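Chains as they are written, first to last, in this note's numbering: chain A, 1 to 376; chain B, 1001 to 1376.
Everything labelled a hint here was simulated from the structure, so no lab data went into it.
Keep in mind it's a predicted model, so treat the numbers as computed, not measured.
Don't take each hint at face value.
As the list claims (entries may be wrong) - Calculated cross-link-like contacts (lysine to aspartate or glutamate; reagent style EDC-like; alpha-carbon spacing at most 16 Å):
1. A/90 / B/1222
2. B/1319 / B/1375
3. B/1359 / B/1274
4. A/22 / A/181
5. B/1090 / A/222
6. A/36 / A/240
To be verified - To give a feel for the contact side, a few chain B residues facing chain A, derived at Cβ under 8 Å:
7. 1095
8. 1250
9. 1254
Ideal placement from N, C-alpha and C gives every residue a C-beta, glycine not left out.
2 protein chains.
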Amino acid sequence: MMWVTSPACTELEVVVMDWLGKMCGLPKEFLCSESKTGGGVIQGTASEVMLVNLVAAKNRSLKRLNLTSDPNAASKLVVYISNQTHSGAKKATMIAGIHASNVRVLETDPHTLALAPETLEKAILADEAAGLIPCYFISTIGTTSTTAYDPLGALGKISNAHHVWMHVDAAYAGAALVCPEYRHFIDGLEFADSFNFNPHKWLLVNFDCSASWVKNRNDIVDALSITPEYLRNKATESGEVFDFRDWQVPLGRRFRSLKLWFVMRSFGQTKMQEHIRHHIQMATDLEAWIKADDRFEIAYPRMLALVTMKLKAGNAATKRVYEHINSEGKFYLTHSIIGDNYIIRINIGTVTTQEKHVKALWDEILAVSTKVLSEP
Amino acid sequence: MMWVTSPACTELEVVVMDWLGKMCGLPKEFLCSESKTGGGVIQGTASEVMLVNLVAAKNRSLKRLNLTSDPNAASKLVVYISNQTHSGAKKATMIAGIHASNVRVLETDPHTLALAPETLEKAILADEAAGLIPCYFISTIGTTSTTAYDPLGALGKISNAHHVWMHVDAAYAGAALVCPEYRHFIDGLEFADSFNFNPHKWLLVNFDCSASWVKNRNDIVDALSITPEYLRNKATESGEVFDFRDWQVPLGRRFRSLKLWFVMRSFGQTKMQEHIRHHIQMATDLEAWIKADDRFEIAYPRMLALVTMKLKAGNAATKRVYEHINSEGKFYLTHSIIGDNYIIRINIGTVTTQEKHVKALWDEILAVSTKVLSEP
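Using the sequences provided together with the hints, build the complete structure.
In C-alpha cells, the structure reads:
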C-alpha cells in the first residue's frame, strides 16, 4: 500500500490528521503542514503505535551509536515504562524482541500515580553506568486504571538529554484536547517524539481509528521501509508524498480517514467539544454525589470522565458491591487493583449516555451498598 | 479484547474459521473442532500473520533450548525465506528484531521459482554448524510475482527435523482451495506449523480479513500473552475459551468474522467455487491466446488466475508495451522483475471482471505491441 496504490486514501489521511492535530492544539512539530518532518497517520490501536515507535526508537539508537551492523547491540537497549502504563507496552517489547530484563517498570507516586522525573532520570543513569543503552520511554496522559497523567515537560527534557525516544500515550484522554480547557495536560508535549490517542475511544469515531503523530517521520520510515535504498523514489524522499505502509506494522491498510473526516463534518468542532464536556459534567455530578456520602470515597483524582471510587469499609466490601452490581446485568462496571487498593471504575464515555443513566447507576450503587454494608 | 469483552465476537470467529478451514480442506491439525491445539483466527494482513508466527517461533526456540533468560540468545536465531517470499517477511524480521545478518534469502529454481528442499537443508546445516539457531522458515504457495509454489512436504519434514517453525503463506492462492481440484498444492501442509491466506484478496470478502491457522495455539499465546501467569484463568487454559488478543499484534480487535460469515451465507460454497473457477477459466483463455501468438510467451507457469507474459523481443519491448498500456488509463497492469526478466502480470481477480474485459485487454495488448514492435 504505497501512495500510488490510492493517492486519495493517503492524501485525505494526511490532511485530516493535520486538522485533528490542530483541533487538539498539538505542538506544530507534529503537524505535517507546519513542520518539515512531522506528520500524523491513522493506525489500528494504541498498542500497534507503541510497537511502531519502539521499532523506530531501536533503530534510531543503534544508528546514532553506529551499532546497526552488530547483531548483539540490540540486546543492550532499555525500555522505560511506569507501573501504570498500559499493558500494550509490555506486549510491544515482547514483539520487538526487547528482553524482559531490559524493561524497567518504574514506580509512581502512590497518590497521583504519576511518574516523577527523578525516578526516570535515576533509572536512565543507572543503565548508562551499567553499559546499557537507554532507548525508549512511554509516558501516559490518562492511564487506563485511573487517568493519572505524567509531567511531560520534565520527563521529556530528561529523555531528550539522554537520546531516549519519548512516546506519549493518551489513548483515552487525548479526545478531551478538542476542548482548550484540557490542553494543560499536554504542556511539554513539544519535548516528546511521538503522540497517540484513539478517536475510536471517546471521539465519536468507530473502532478502529488510532491517531498517531511523530516529530520526525523519517525515523519511522527508516526503521520500517522494506523498499531497498536504490528503489526509493524522489517524491517520497522530498516529503511530497507518503507511503503509509512504511509508518505501520501491516503492509496493507484501509481508508480510515473517511470515517474520521465524516465525524468532523457531521458534528463539527463545537458539537465534538459539547460531547466531551457533557460527559465530564456527568462524571463531575457523580463525583459530587460520592463525595457527599460518608460511606464512599473517591479513590484517585478525577481527570476527565472516569470516576474511581471505593467503600470506606474496605476492599472486601467494595468488591462485593462491584460483583453484585455486575451480576444483576443492568449495569456493567469495571474494576482495578492499585497496590492494595481495590477500586470501582465508572467511565462516562458512550455517546448515548444521559444524566438519567448515571442517576440510575448511582441509585443502584446506593441500594447495593446499603445491602452489602448491612450484611454480617 | 478478551473473550469476556464480547463472547459472541470470539465464538463466531472460532466457528467460522473452522468452517472456512474445512471448506479449504486444511489438515485436521489446524482445525479447532478436530484437534486439541489447532485453531484459526482472523487477522488484518498476511504481513501481521508472518510477524505473529515469527514472534511465536522465536519464543518456542528459546524455550526449547532453555535460553529465555539470556538477553543475547535471540541474536542467534535465524530466519529463512526464499527470494520470492513476499516483502512482508523482511518487514516482520525488522519489527521482531531479527538482525539482517540472520535472515537467509534462499535462491529458487530459475524456471519454477520454487525453493528446493536441499537448498533449505544446506542453509540450516550451515547455520547449525556455525553455532546459530535455525528458527523460522516461510514457505509460499502462490508467490506474489508469479504464483510459484514450494514443495511443502519435503520442506516441512526438514523444518520439523531441525525444530524450525514452518509458516506457509498462501495469501493469494489459498482462496482456490475451496475447489478440491487445487488442493494438491497444499500436499504436505500437515508438516507446517501455521498457514495463512487472505479471503480479502480473492474470496469475496472486503479488506481486511486475513485467515490464519496454527497447529499449536499455545505457542502463540505463550509468546504474546501479557496476562501474568497467576492471572490466567481456567477457562482459557482448558481451551474452552480463547482470548484472541493473545493471538495477534494489537490488543483491540474488530468483529471481522461477521463479514466472512455473511459471504458464506450469501454465496454458498458452490457459488464461491464457481467464482474461483470462472476467473481461472478467463486466465486460461488469455494464456492460450498468448501462447498462440508468436510474438509473446508465457514468462512463468500459470498456477491459478495470474498470467505472466513477455514479448519475445525482450525486456525493453515488454516494458514499453506495459508502460504504454498503463499510460492510456483504460487498463492498469502490474509488472515484476525476476532476475533479468521483465514481465507483465495480468491477474483476473476482481468480482466484476467478465470475458469481455479480458478480451478487450488482449485486443489492447495486441494493438500496442504491434505499434511498439514497428517502432525503430
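Okay, which hints does this one fail, numbers in order?
Checked against the structure, the only hint that fails is number 3, while the rest are satisfied.
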